[in-house]
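> So the protein lines, in turn, are chains A and B. Under the numbering used here, the first residue of the first sequence carries the number -16, and numbering increases by one thereafter. Under the numbering used here, the first residue of the second sequence carries the number 388, and numbering increases by one thereafter.
Everything labelled a hint here was simulated from the structure, so no lab data went into it. Hints may contain errors.
Quick look at which bits of chain A chain B covers, simulated, 3 or more residues with Cβ under 8 Å [to be verified]:
{"hint": "1", "stretch": "140 to 154"}
{"hint": "2", "stretch": "455 to 464"}
{"hint": "3", "stretch": "495 to 508"}
All C-beta atoms, glycine included, are put in the ideal place defined by N, C-alpha and C.
Listed below are the residues making up each chain.
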Amino acid sequence: MKLPLRWLKEYVDFNVTVDEFVEKLMWRGFEMASVDPEMPGVSGVVVGKVLDIRRHENSDHLHICSIDIGNEILQIVTGAQNVSKGDLVPVAVVGSVLSGHEMTKVNMRGVDSYGMLCSGGELGLTDADYPGSEVNGILILREDHPLGQTIQEAVGLDSIVFDIELTPNRPDCASIIGICREAAAALGQPFREPVIPPVEGTGNESDYASVTVKNAELCPRYTARVVTDIRIEPSPVWMQKKLRSVGLRPINNIVDITNYVMVEYGHPMHAFDLACVKDGHIIVRNAYENEIVTTLDEKQRAVDPEMLLIADPEKGVGIAGVMGGLNSEITENTKAVLFESAVFKSSNIRRTSRVLRHTTDAAAHFIKGVEPVNAGLALDRAIALVSELHAGTVIGKTIDVCAAPLEDRTVEIDTDHVNRILATDFTPQEMADMLKTICISSRPGNGGLTVTIPHFRTDIESGIEADWDIAEEIARIYGYYKIEPTLMRGDTFRGGIGPEFAFEDLIKDTMAAQGAFEMYNYNFTGPAALDALRIGTDDPMREAVKILNPFGEDQSLMRTTLYMGMLDSAARNWNRHTGQTRFFEVGNVHFDNNDVLPEEQKKLGIVYFSESEDFFSVKGTVETLFDACSIPGAVFRAADRPYFQPGQAAQILASDGISVLGEIGRLHPDIAEKWDLDCPVYMAELSVSALMAASTGVKKFTPLPRFPVVQRDLAVVVDDRTENAAVSKIILDTETDCTISDVELFDVYAGIGIPAGMKSMAYTFTLRSDDHTLTDEEIHAAMDAIIANLASHGAMLRR
Amino acid sequence: MSVLDSLEEIREQALAELKSSKSLEELDQLRVSVFGKNGNLTSILRTMGKMDPQERAAVGKEANRVKQALESALNERKEILLRAAQQAKFELERVDVTAPGRHTLPTGRIHPMTQTYREIRDALVGMGFSLFGGPEIELDENNFTLLNLPPDHPARDMQDTFYINENVVLRTHTSPCEIRALKSVKPPFRLIMPGRVFRVDEVDASHSPVFMQIEGFIVDKGLTLGDLKGTLDTFVRAVFGDEVRTRLRPSYFPFTEPSAEMDMSCTICGGKGCRVCKGTGWIEILGCGITNPHELENCGLDPKEWTALAFGVGVDRVASLKYGISDIRLEYENDARFLRQF
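Let's have the full structure, built from the sequences with the hints guiding it.
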């Protein structure tokens, strides 16, 4: 919201510095986006007098001037032809700034020029700002300016414009009147609300126009007034200046009046050329199927039946709240005008604006929310301006089709409750006095406050929320900074991280201890990434949740695996030679399960990529993680996944052999290549909830073995597809009188001495008894049993 | 030469040789030449059997004295030589202490966002808060409607939303967790709800379509705006340090009434005004307020009996401020050169 200081001063005495004002507004809930000069992009330009002017010897159009800028006489070369001796002109001296460019000394055909004489255009001025600004040539100033005065002071644009951020609950402040009302309260000054003089019209309005509203829900109030004998001309300088100060371009008196009122009262208006409205009959109705309206910007717009049109009995003459129709535009030939000031439903205008992909200042106001009383005020203000500007003859009375209540609401406030919310101790009278400063009247009585909510405060509810709404107003007026900070009293709360979040911490800390860096990748992916991973059409990973309004196809799905994002980031590190090749991420993936909400699963993803990694380094990390998370006996089972290299992939199961914990494998080299990873890439993905379920959680002490253990090694020759898991199990399951434990494969060998298609697997393990030291006989017996058991499974001892 | 003279000579000679010995080997040779099977002292001792008792006693005593003297001198010399040898070895093993250390398993890194989340969390857990979670894909009802943002509410435009269908959205904030808590946890409670949230924001230095929030939600009887102010001030200073000052100023959120934003004194310039705080000396750190009575009512709680305080912190934002990260994109690029710094 742009608020020129000049405009503010018309309604409020401004008695503080700009910084103080910014802070005072901040404490009222209005943040200052910026404080801008009225003349943007110009600094250091001063008034100078042409003492002398002579032709440049080496040019047929340049002149050399001597310019007195008060404290100094400068030599300046100009190409302008309209400057004479004695003229006062704007001088951009060396070091001054014009539209962002700093002026320097230049040499023009052998003559030094210490600055530049400026045209009105170069200063961003129009005739409305200063007469003569739009002439072809240098701006010639009136003679009463002191030399050396800034150009801002000289043309009367030396003030500032506040740009204030508004919160959506305060549409009333999207107007000069509304924001000045708040500013006055913030400054502790009275608000001089402008009085709109009533205008008696001549004749009878019904002879000229009528209004029918067919959809009162979408248009709760439609007010209109007819003005005839229109004289289209430029609006007065004061109005043009004000419009320009808030960034609007003056057009003509009638259009400018509607724009001016929109800025001043925050209510959008429209003016129709009444001659173009058949029978002068305005009909507010929904659009028909396949109807087309050509709007003021000369675009044909297809409207749909959910949109509200302003029409006459034959055709649409405007799209309600968004833009007027070209067919009823105000032109130089316009003789009679119908001014419209109506209320259109915010959500409907928002939809229309969105569907048509078109927004206007008017639509923005309707979307923020307007109210019916203000609609009437805006029309009255516009008509008063018509009269003041002698722009035409006002006819009859206002046509007013109104289904909306226009009375101010009253609400009973529990002042004790307000005090409880704020931790304050105000009497009802004190609260009433405070509310009065923001133009809310109220009356103390029977332990509370009867508050009359003014029409413009649509944000204050009459229902349950009223106490809280008024509490907020009281807090704003009193000052949040005066509220004493306290710590909550009452019961003590245990608090705590809780098992799930603590488990996530444990996973992350363990992964970091394995040398891995934690990643955060976006949740978005796309079909192409799933294709790149060769995920089959019926794979559950294809059951991704689709986003209706994604940034693009490649970000249109919620990820079903962490792999793609992790590979993107891995590739980035590989290409940038960051030297880090171990990463992990803990994040959610989603599956569309045809339920109301998709299934959300938290995953741990791991990616290791470099020549020095192999399947077992990643597996080692996973095993360490299981150890840290108290997950005993996890089972790795060879498996096929489309993105893993065949023969280097496994499914990971809990010790029950059923619950799936996750998967691990080497990324297929062809896929790695797609990510420009020309090294071995190993990945794993584990379900955090499955890990947590498999975790034994509570740690229990097992007594240490009291009798010595015996370590034994042996090697067996087996078929080269034989898995460690199978052989270990045979050893471990052998029935003997001693306890076999810590079975570990320590060497695999194939080659000389071993038949083709076979391999040697060497194991180490321990034997012990819980109640005595093993004898040699017992050890021999156990070894024989193990060897025999292995042999019975086809694993022959390697001799 | 008498035997006693010989002993004295052996002693003197051995001591002299001992002094000049340069190595353990030389010392050993010397020891053998005196005490060895054919050593000169051994030879003398061997003749003692033939001596008369009186002489034997005198020689024995003297021989013993020489033997002890030499042994102790030998040991002393050995000690010196050993120390010298060790010193020489140490010299050979001298290292350049400024050369880089060897990393067999260099430690990994916890993402700065996780570190920041943990700091915020731990500060609040210390104040009696517990953790509570909710899904990233949410019902429109939980994300908006029950939070006092009905379908036509203009404030819905404050948050550009990714839609899955007309009833399901990617949550735009962690506030829907409040609804889940109100419906499932018996008050009074103090909860924090961390998680990812999503907004239709094109990626740039200060915007990301995915970011992390922590929602704080307290439901109890008799809570006040003063409690909100005191609680948040305590928490912000726990995370940023006691020298930080805070201020609570009015703002607007549909789900709180009164609403506020908390600023803290700029951590970069200490409040003097700089580029980061745009010269104001203050940085916005969180949004908060007293929960709107409609939200409590919507979830079956009597707003006149129970009061709720709510606040939402952007973890990315706190991390950026805490570590001085100028570009939010770095937090999702996972460049190790970035991650290694934390």
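> Confirm or reject each hint.
Structure-based check of each hint:
no. : hint       : in the structure
1   : 140 to 154 : holds (count 5)
2   : 455 to 464 : holds (count 5)
3   : 495 to 508 : holds (count 13)
Violated hints: none; the structure is consistent with every hint.
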